[in-house]
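Asks: Spelled out, the chains give:
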Amino acid sequence: MNRLLLNPLLALFLPIASTAAQGAFKPDKLPETWPEAGKTKKAAKKPGATKDTAALRKLLGDASVTLVRAGKLFLPGKLGKTPRIVDGKKSWLAYRAGGVVGLFAAPDQPLEIAANEVKAKMLDFSDKPDSFAGPGLCDADSRWFVASDAGDLSVGAKGQLEIWQEGWKDLVLKSGITTVFVPAGGAVGTSGPGVLVKLDPEKGATQLGRPGASYYQLERLATRSTNLTRGAVVKSLRKALEGAKNYKKADEKWKKDFEAYQKKRKDFLAHYKKNPLKAGEEVKAAPARPTRRGRGRGRIPRTKEELEKMLERVPPAMRDRIRKQMEARMKAAADKAKADAAKAPKKTGDKAKPDDKKKAPPRPKYPKKPKHDRTKEALLRILDGKTVLRIEAHRAAEIKAVTKLALEFKLPRIVLVGATEAFKAADELRKAGALVVITPQTLPRQGMDTLEEHFAANAAKLAAAGVPVAFGSRGKEQGAMLSLYAARSVAHGMPEAQALQALTQNAIDAAGTSKVDTGMVVFSANPLSPTAHVLCLIRGSQVVRLQGDK
Amino acid sequence: MVSRRIAFGLVVGGALALLAQSATAQNAAPNGLLIRAGKAWVAPGQALVRASLLVKNGKIVDAVARPTNDAKETFLDQADSVRDFGKNAVLTAGFVDVHTHAGSDGELAEPVESFTPELRASRAYDAWASAWKRITARGVTSAVLAPDDRNLAGGIAAFVDPGLAAGSDADNYFKMSLTGAALNRERRPTSLMGAADYLRERATELQNLAPAKMTPAQRALAAVIGGGQSVGIACSTVREIHAALDATTTYQLRTFLIHADEAEECLARIVGAKVPVVLRPLGLQSSRKQLRLPGVLQKAGVAFAFAGENDQDSGLPGLQTSLAIAVRQGITAADALASVTTRPAQIAGQSERVGTLFTGRDADILVWSGEPWDLRSRLLAVIRNGTILHENKQ
Amino acid sequence: MMRITLLIAANAALVSLTPAQRVAEEITAIKAGTVWIGNGKTLKNAVILIKDGRIEKVGQGLEIPWNAKVLDAGKRWVMPAWVNAHTSGGMDQANENIQVTPYLTVLDSVDPSQAFFEASRRYGVGTLHVVPGNACAVGGRGMVVRPAGKTPEQMALVLRAGMKMSLQPKRGSSRSRHIAEIMKAFEDAKAHRAEWERKKKEFDEDKKNGATTKKEFEDKIDKLKQPLLDLLDRKTTAYLYIPRASDVPAALELVKTYRLSAVFVLGGDCYKAIDLLTAAHRQAIPLILGETLEITDKDPVTEEEKIVCPARILYDAGIPFALTATGSGGRGSRGRGASGGTHPAMAMPWWQVATCVRHGVPERAALEAFTTIPARILGLTKRVGQISEGLDANLQVLSAAPMEPECQVENLVVDGILIYDRKRDPRVSELTGQTTTGASKEQK
Amino acid sequence: MRIALALLLLSSALAAQGDTLVLRGARVFTGQGDFQKGLVVIVKDGKIAAIGRDIPVPQGAKEVDCKDKWITPGFVDAMTALGLTSMNENEESNEVTPQVRAINAIDPEAQNFKRAVAGGVTTAYIMPGQMNVFGGLGVVYKTAGKSRVVREDAGVRMTLGQMPGSGNRSFRGFGGSPTSIYYRRPNNRMGTIWEVRRAFYDAMDVRETNLGPQLEPTAAQRVLISALDRKMKVRTTARHGQDIRTALRLAEEFGIAVILDDATEAYKTLDYVVAAGVPVVAGPPSVQAGFDGSTPHLDTLALLARAGVEVAISTAQRPDALPLVREAGFAVRGGMDRAAALAAVTSVPAKILGVDARVGSLDKGKDADIVLWSRHPLSPYSRAVRVWVDGVPVTKPSR
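Chains as they are written, first to last, in our numbering: chain A, 20 to 569; chain B, 91 to 484; chain C, 245 to 688; chain D, 2 to 400.
For reference, chain A alone in the conformation it holds in the complex:
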């Protein structure tokens, strides 16, 4: 059905179910789904006094809501709003099964509300001064549940994960990571979509709905390739995207041909209904177009100039030998033509054929249906912006080539993984509205001049330049250390709110499905500090309270 979408412009007005509202793509203006990272807008109102007490009263009556108060509260920036860390004393953080509802100022005087009316759950950790509450963290590039010899997940990770693998519980209990994104990946070309997996200490790991980001693997050019050739890395992607467009065009063309065919078919039958064939006669099939075979090679030139023109292409040493052969052939052809002309009877010019034969329409030819192609379907979803295009690129030249391609094809959402030299292409990335997933595990390849403590400085510079950043562990156990590595970017100048945003909302956006509930986690300290451990987990309406770190 989605192949019926006409041109991208129309796509703007058709409500696309699965993604957030698609702002018209203007290269300079950031697409709406990516928060305005880096440039922290001045908080207009007094911190904490965002919603008035009436809203708070309504929420108190709602059983599915959980209100949390702790030393510090973190509200991730969604749909362009900037992330904020707020002092917990003066406000409540409200959360419902779908996700964080918002921050509400704690009323100065206690609310008079009947005890039985209060159905929402209230969790007050503000007695612990350095406790910290915020959404669950998410690992943007994890290898959990990947079969040991996974090799490649190119049909997409959903069907291939060993969801019964154990050993991830301390990931959730110690470092508060409640969701991991397992990307697909494989040989060069389009791979299927990755999968977001929800981790729940009790209910185990469950895979979340229709997977989002589908992964494209650029060619692995030899490391010796120079900056010039590295731009060509994107050639195969460009060809694939154009192929997808032609696929859509061919599909639409087939529809039109099919309607024409049915019309022709109808009057073909009507004609023969009026004057049916006599026995033994058959409808002549439409004359087949002469095939191209045999026209190019061995053509005999008719005039002297054609012969000379053909001989130019012949190497000089053989020219006279070929000229003699050609002249002999020309003479033989001329004699044969003369003989045929003499033999053939003069064509009678009469038009006396019966009119119905002339009017008899030939049998219509059924237009060949283009073959169903799954990869092209996946690429069309990328062009429409329904799934995120996820590309691994490390060198500045490759990153620039990818961003140029994204602008050219108006891809609303691309994710770059690894991106060791991304800080060199920061403004191109911001223009293309890309999100960068930094994976500390991948060591810089030679030929790349990286900064001291490469991934932390890289993340800090990108955040400063306004490019949204997320962190991926690209491993299993290392996932628990992700918040420590994010803390290192804070040491390099990235504001703490940005680092937490990178660990929560940006990682979810990188997975391509923006409406995901990663639950709420209350830490004993700021999750970036190593002393933090999880005090309480809230997912949907179920609250898991943990006594210290088991």
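Careful: at least some of the hints might be erroneous.
Here are the computed distance ranges between Cβ atoms for each label pair [what the hints assert, rightly or not]: (1) C/Ala438 / A/Lys343: 54 to 62 Å; (2) B/Gly318 / D/Tyr202: 37 to 45 Å; (3) A/Asp146 / B/Asn121: 49 to 57 Å; (4) C/Arg608 / A/Arg564: 47 to 55 Å; (5) B/Glu276 / D/Trp195: 18 to 26 Å; (6) B/Gly318 / C/Arg415: 55 to 63 Å; (7) B/Gly317 / D/Pro218: 29 to 37 Å; (8) D/Ser87 / A/Arg564: 47 to 55 Å; (9) C/Leu403 / A/Lys283: 46 to 54 Å; (10) D/Gln243 / B/Pro301: 53 to 61 Å.
No farther apart than 27 Å at their CA atoms in a straight line, the calculated lysine-lysine pairs in the DSS-like style are these [said to hold, decoys possible]: (11) C/Lys394 / C/Lys313; (12) B/Lys389 / C/Lys452; (13) C/Lys667 / C/Lys394; (14) D/Lys115 / B/Lys389; (15) A/Lys384 / C/Lys434; (16) A/Lys268 / A/Lys423; (17) C/Lys542 / A/Lys285; (18) A/Lys293 / C/Lys452; (19) A/Lys283 / C/Lys452.
To be clear, the hints were calculated from the coordinates, so they are not data collected in a lab. Backbone N, C-alpha and C define an ideal beta-carbon position, used for all residues, glycine too.
With chain A fixed as given, assemble chains B, C and D onto it according to the hints.
Replies: For chains B, C and D alone, coordinates are given in the frame of chain A:
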């Protein structure tokens, strides 16, 4: 005309003065440097709030906690220069890296002969290698350059101050290795059984041999047998750990294990032998077992320290990351700090010189922008023997 | 009538066997110490009467006709011959290198003189479902054979049995491309039939409207695509080999999207996806276990190794399963790798039954896994798998009860013909030094 | 979690050391003969306090109900590589290394120990691999429990056949660099025997010419001298028919106490083995592929037992062998009778290894290594329900 020449003179003079001044700052310790900071971890677990330290010709003279922020210290008169790092700066002792091969890779192993007890790592120490600069910039103020793991008996390690030439008394512990790297080579011994037999053979040679007639190799081995010089045995699998502990009991060695990756499986034997363990640094490439090991050792009461190894640029500061990951794994902050300062100093036998900020110790001080085990805090300055070696302005 | 002629042909063929099988006598009555019927009941000192290769009567104290050819198994055990529901033995080349070859059949490649059939006789296997190997996406049609006969046609019980499919990707090609090829094959077959139907409809319209004078529609559906269409129309059953647990979801999805009638052949660690296997069982998909019945499973957290038996896990989940000997166990000894490689003993059904019992599966369930359950999977419950009236006389005589260490297969009777006698087995005498006449060789 | 397990075992060992066990109601195989009904076994302080029909039961003893179960002494596997990295673990710098001791390279926590104990094997003889002419000294080692060593230096290994020569390169043209340590003798069977003779003659020279301190025998020669004085048994690996006869000839020539290991083709040279009266530690009968060119037979063990040879069954360091109890079952399938097969995995190997004073049978004062079976151990359906080593339960009760 004249003014230009004078101006020219002034400029040249100024540059020269500046040069001279920074040079002096480089090596001769200013007599009486006062350092003020928000907190000082004088020793793991012992903190002075609003601390100020007095450093004189390379040694720590006194450390005191100021009652209020701007109260004056008693010994203010003795200090002729004051450096105040602000109220949320934290001072700690310099990190001690007890097992590293930095700067002289490739020269620390004798490929032909497996048993070379007399080789001294101080000969292979290149004080001016660029690796040392990077290591000091990350907080390591004293290190032990140890022979490689590729020899059954690699030789004698050297205790050095990174960047300064090694003194004559640099010789430190004796390095042995029972790992696969030392054994599966085409020379004797090729297996653990062979190694035990080779050691027994060398030890029996010494029994009825007068020290005068001993060769340097035999003298080095004799110094170790009976518990004289401490021995660092590199081992990783359970069978290698058992072989190391067997050798310790048969020859009464004063041993500490290096790496001991599978220590968790033979924990009872290690606890029984009461030997400290030097662990690999924790970081991006650590496996699940390595991440779990510090917690296991601490619960069982085994003393452990983190080694820096050759700390190639893995994208994270070497020992500080081990500190942070250890704390994340549940080790108390004091214990983690001890594993990079006081315990390596004890293992290297230098605890009366480095590892803490007590009076009389070397003035190896690190200044942090926050708690050292929190990766959000940067290293503001590295002070060794009283001189500010490295300062990042950011 | 047809039945008898087939029997006589088979009989004549059996007698003129290749030199290795010099044993072939007709048996019409068996005196047995104990008879394990197949539905859990056992009879003591029973008599089995056989007529025209079928079991006529089973009971205690039956009167044996005077001219009966009697096989005296007085103190011994008599059991139905084993039924092996899925094996690719007995062929020298079990795999094609093109991924999708539904039009092939094993009838052209089964070699009756293979050692595999001799071993099957020695181990008491009476019925084998031989199918192509695991390396092709759609391997081809299998057939049910008995391990005796000169030509594949004489060995055949069912000429066209299940269609073999496998989710095992060829080396180099990825798991996903493998599944995509299977889907593409099905889609092409469907498109081809849709095209054929469209042309037929248009031909009928032309005929009705006089636009053509041909009598009927000559185009035919491509014979190479017909087997796939039979699969889609559930006319043939797909025997789908699943190498790993993470392939079970893909297999279930394939069965659901194309509504196949399928049998799952489980590879090594499929037991890990036990909840998905219970779902498959609920959709009436029979499960067949491979030869790796003892797998060393390393706990990722504590790194402790424990031996896991998939049969026990399926039994605990209440799922009946069939056991198989895929014929690859016999070839040389294979080290017990971390995933529990198959030991040569696993090629013997009694050893697999013993392994299951050792891991806690009751003896009856383990014995049925090699007799009645595979017969039900192959749809031959009225021919093989039990000793009851009307079924084929496929029986094996054991020297002692299966639980005893001395238990050996003494005789094997298939269709009332004695085709194996341990005392006259050349391979056994070669391995134990006794000459074929029972005297021990070392006196030489 | 693993430490908790280890501590648990430790603590249970200490606690259980004290309490006495009474095993009643099972059929008991004491080490010889057949299973007897009505025997009661009493275990105290890790030793068997008493065994008999109606014997006084000390009060306060923990009663273990063994109704319709089968009890046997812990099995003894007389030739294994448990705890070593592989069956070929050797000191390869030299072909003659009799002084090397296997105990220095054993990993007591290895997984194959756990697998062995779960199969009922409580004591195993561990010796170096087969790649040297003289492999080194083996050790009788318990597969579980706290004190593991039963007898050190219980025998020196001598390997005949192609294996010692298989790693060496004979001449430079073969691509081996002359400086490599593998460019050395022996390269075939004759070379191996030549190395054996040279080692023994050197040791005899040193033994005769007692020149005092100048010519101290090296550690290697000291081991060979004790072998020549028949104080040390020589475990000789001989699989091929001709290797078995060479081993017996060497035994006569040097007067050494030879034990034949793995003897795969013993059925070919049965008369020589019977005449020599040499004990045999036979290889696993279930394995069908021979080693070193030998061809196994199913009934070798039956023939040896019937001919009166002192034969034990072992897994012979083979990775593809089944657990020892299954190998005994396959021996019975090959024609060996049950009592001989059970003795071949309990009392006979204990006697061959010289540790029958402590293990191998259930008699008063011996170690309390006991295995409780769900059925007759040799039946293919049997399972080791509980295993005690030194009176301490070492396996979790299996499902």
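Asks: Give me the numbers of the hints this structure contradicts, sorted from smallest to largest.
Replies: Violated hints: 12 and 17; rest satisfied.
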